[in-house]
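J.: Chains as they are written, first to last, in our numbering: chain W, 1 to 252; chain F, 1 to 101.
If you are wondering where the hints come from, they were derived from the structure by calculation, not from laboratory data.
Keep in mind that a hint or two might mislead.
Covered stretches of chain F (in silico footprint by chain W; criterion: 3 or more residues with CB under 8 Å from a CB of chain W, positions within the stretch not fixed) [claimed, not checked]:
(1) 5-13
(2) 16-27
(3) 39-50
(4) 56-70
(5) 75-84
(6) 87-97
Nothing here was measured: the structure is a model prediction, and the numbers come from that model.
Each residue gets a CB set at the ideal place from its N, CA and C atoms; glycine is no exception.
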Amino acid sequence: MRSNLFDTEKNFREGIISGIPIALGYLAVSFAFGIQAVKAGLSVFQATLISLSNVTSAGQFAGISVIAAAGSYLEMAGVQLVINLRYMLMSAALSQKIEPGLPTYKRLGIAFGVTDEIFGVSITRPGMLAPAFSAGVILISVSGWVFGTFLGAFSGEILPARLISALGVALYGMFIAIVVPPSREDKNIAIAALLAVAVSTVFTYAPALKDISSGTRIIIVTVMVSVIAALLFPAADRPEEKVLKEKGAEND
Amino acid sequence: MTDNTYIYILVMALVTFLIRALPLTLIRQEIKSPFIKSFLYYVPYVTLSAMTVPAIFTSTGSIYSAAAGFAAAMILAFFRKSLLTVAAGACVVVYIIELIV
């Protein structure tokens, strides 16, 4: 395992290969983000800069809606904190999987690339996580994310309206792809997701509640529903990693 | 908004990076509190669900195409298709429906 961990070139190559499907998925979604960012009033450069410096999907989409609505910086920080809070859990899980002696700058490099998908391929690697592997995945994935954003922001204007309309659904498709499969494994996730949908819908249309800005709405709904879910259904030991395995022993 | 935009971007990037960086650099042992673990466990699914519905229904040219895209994504995701397949499949269905309607 040690020799494997230190075979930098091999790990890097494996990282690139693992990252290719992620980069392709990111292309479609970041393309949609680029279009939407320009629609929200940002420049092509600003849209691309957001993707390069943030590398989040939900957080970025929520971010441009805060910018478009001229929300406060505090609201922006709060929105990012809550929407991206899941990365804290993933980052915590990854902290258990890297060499204790790994220097801080390498840890920060791995941290920069914590997304749902990159976390997924990293945490499922057998043994300890090689920094070179992370570098490979992050390099190719983030390239796809940034390049897609640029293309979307740049070409959004010249694409037919019908095509842009169709791409508008891409991000939500990706969210659904993240939520639905684990909901099949853990019915508590399904219940929490349905509750989130219900509360979010109420907050979007109910009188008075509908005046709350979309960013703040996401914060309120997320905290409220996650607290309820955590109280009603305490999650088993190793969340994120092995929903699948636990379920076999626990339910049905 | 042009000048402010960069401050917004800075705030976004900084908060997001800190969220990712702090646990990886500071946490040397597992989080113990069952409540915090459970809370964090549900956060991603709750956030993404809340962001998707009802917003997805106004994300395209018409509510009909959006609903069709939503249905397509749900079906593809139910059968555990990849991220790319689900996102692209939803887009294709929206596109086709908008050609018809």
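J.: Does each hint hold? Answer for all of them.
T.: The hints, checked one at a time:
Taking a C-beta to C-beta cut-off of 8 Å, the segment 5-13 of chain F contributes 8 residues in contact with chain W, enough for the three needed, and the coverage statement holds. Judged by the Cβ-Cβ criterion of 8 Å, the segment 16-27 of chain F is covered by chain W as claimed, because 10 of its residues qualify and three suffice. Interface restraint, the segment 39-50 of chain F with chain W: holds (12 residues with C-beta to C-beta distance below 8 Å; minimum three). Here the segment 56-70 of chain F counts 8 residues with a CB under 8 Å from a CB of chain W, which clears the bar of 3, and the coverage holds.
Under a criterion of three residues with beta carbons nearer than 8 Å to beta carbons of chain W, the stated coverage of the segment 75-84 of chain F is upheld, 8 such residues being counted. For the segment 87-97 of chain F, the assignment as covered by chain W holds, since 8 residues bring a beta-carbon within under 8 Å of that chain's beta-carbons and 3 suffice.
Violated hints: none; the structure is consistent with every hint.
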